[in-house]
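Under the working numbering, the letters of the sequence shown match residues 1 to 334, in that order.
The hints are simulated quantities; they were obtained by calculation from the structure and are not laboratory data. The beta carbon of each residue, even a glycine, is placed where N, CA and C say it ideally should be. Don't take each hint at face value.
As the list claims (entries may be wrong) - Each computed DSS-like pair below joins lysine-lysine, with the alpha-carbon atoms no more than 25 Å apart: (1) 266 x 66; (2) 318 x 334; (3) 266 x 246; (4) 153 x 134; (5) 222 x 155.
As the list claims (entries may be wrong) - Derived Cβ-Cβ restraints for the label pairs, each shown as a range: (6) 333 x 120: 15 to 25 Å; (7) 73 x 182: 23 to 33 Å; (8) 147 x 327: 16 to 26 Å; (9) 74 x 195: 34 to 44 Å; (10) 184 x 142: 19 to 29 Å; (11) 85 x 311: 28 to 38 Å; (12) 154 x 266: 41 to 51 Å; (13) 319 x 201: 18 to 28 Å; (14) 147 x 199: 15 to 25 Å; (15) 300 x 85: 19 to 29 Å; (16) 324 x 218: 20 to 30 Å; (17) 307 x 143: 38 to 48 Å; (18) 73 x 186: 17 to 27 Å.
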Amino acid sequence: MVKRKFRPSAKRIAGLLLLVSLVLSACGTGSGTPEVKGQGEGGSSGTADATIRIGYQKYGTINILKAKGTLDARLAKERNIKIEWTEFPGGPQLLEALNVGSIDLGHTGEAPPIFAQAAGAPLVYLAHEPASPKSEAIIVPKDSKIQSVADLKGKTIVLNKGSNVHYLLVKLLEKNGISYQDVTVKYLPPADGRAAFEKGSVDAWVIWDPFLAAAETATGGKVLANGDGLVSNHEFYLATREFAEKYPDLVDIVLEEADKVDAWSKEHPQELAELLSPQLGIDVESLVLAAGRRDYGIEPIDEELVTAQQSIADTFVKLELIPRKINIKEAILK
1 MVKRKFRPSA KRIAGLLLLV SLVLSACGTG SGTPEVKGQG EGGSSGTADA
51 TIRIGYQKYG TINILKAKGT LDARLAKERN IKIEWTEFPG GPQLLEALNV
101 GSIDLGHTGE APPIFAQAAG APLVYLAHEP ASPKSEAIIV PKDSKIQSVA
151 DLKGKTIVLN KGSNVHYLLV KLLEKNGISY QDVTVKYLPP ADGRAAFEKG
201 SVDAWVIWDP FLAAAETATG GKVLANGDGL VSNHEFYLAT REFAEKYPDL
251 VDIVLEEADK VDAWSKEHPQ ELAELLSPQL GIDVESLVLA AGRRDYGIEP
301 IDEELVTAQQ SIADTFVKLE LIPRKINIKE AILK
């Protein structure tokens with residue numbers, strides 16, 4: 001299991017001075033091999049002009065980190081390292097980028113790393129946020145005749161394939177005695193899912209915050225059920241194994257700054273919403289609603305989390321949603 005204390009060691013700092021960036025630095029050779037200057041002759045410090053690539057989604061702690069700018073400032077000051085930020089519409093898309101080497105680190109919910117690991121992605125779990133089961137739900141249009149999850153048999157439901165809400169739908173159907181094969185599931189990213197939902201081309205939408213909150217406030221969509229009592233809905237921090245093993249100090253810094261911004265976010269939901277609204281293009285009212293439904297704080301990966309992830313993976317295998325059985329422990333740092 002990983003029990004990270006988020007305190008850099010002298011050994012790690014020394015190792016970081018040998019950092020080899022996974023992208024061309026501003027002082028690169030032009031040959032495709034990144035160049036990083038470490039210690040100069042006689043042990044004097046040189047410049048470490050490098051870039052790390054972080055993927056993020058709308059909302060979530062890493063998104064807040066980007067908006068606050070505290071991680072950028074610390075890495076620039078202490079390590080002369082820049083961040084290349086890339087936004088993704090959902091966790092599956094983010095981990096596709098990680099799989100092909102386009103990013104080094106990012107965040108997703110519980111289901112995306114399972115799909116990615118089954119596809120052979122070289123990912124590792126770094127840490128997680130507390131459970132936020134009320135931050136995802138299945139909704140129907142305000143004038144829908146559907147009154148409960150039990151009414152969804154034979155209906156068409158849209159979701160982002162491989163995301164946390166995919167598992168939520170599985171558990172909701174199971175609880176209400178409906179087979180997964182008794183519904184038609186369409187796969188669309190959040191923006192397209194919202195469009196289909198508003199046009200009435202689907203009967204229900206399984207979605208997470210802040211898209212959930214925005215749909216509630218803008219369309220009057222009715223929540224049939226959220227994840228409370230069914231799923232945990234953890235947010236995970238993930239990286240490529242190569243990055244995590246080579247640069248543990250950078251991982252520690254990211255998690256330390258995430259923990260700090262989490263503490264601030266928990267105490268300042270209104271300010272958080274006002275900070276994120278211009279960046280996300282989502283109104284403040286919706287973001288305040290979303291902020292009140294999640295919990296905050298960096299927690300280590302432990303055996304309980306591994307067991308829970310393994311249970312989700314095994315469920316997806318049975319439903320033939322992933323092509324093979326996987327062992328979650330293989331994606332845990334030793």
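Now the hints, each set against the structure:
no., hint, in the structure
1, 266 x 66, "holds, 17 Å"
2, 318 x 334, "violated, 28 Å"
3, 266 x 246, "violated, 32 Å"
4, 153 x 134, "holds, 23 Å"
5, 222 x 155, "holds, 16 Å"
6, 333 x 120: 15 to 25 Å, "holds, 18 Å"
7, 73 x 182: 23 to 33 Å, "violated, 52 Å"
8, 147 x 327: 16 to 26 Å, "violated, 41 Å"
9, 74 x 195: 34 to 44 Å, "holds, 39 Å"
10, 184 x 142: 19 to 29 Å, "holds, 22 Å"
11, 85 x 311: 28 to 38 Å, "holds, 33 Å"
12, 154 x 266: 41 to 51 Å, "holds, 42 Å"
13, 319 x 201: 18 to 28 Å, "holds, 24 Å"
14, 147 x 199: 15 to 25 Å, "holds, 22 Å"
15, 300 x 85: 19 to 29 Å, "holds, 25 Å"
16, 324 x 218: 20 to 30 Å, "violated, 40 Å"
17, 307 x 143: 38 to 48 Å, "holds, 42 Å"
18, 73 x 186: 17 to 27 Å, "violated, 42 Å"
Checked against the numbered hints listed earlier, the structure breaks hints 2, 3, 7, 8, 16 and 18; every other hint is satisfied.
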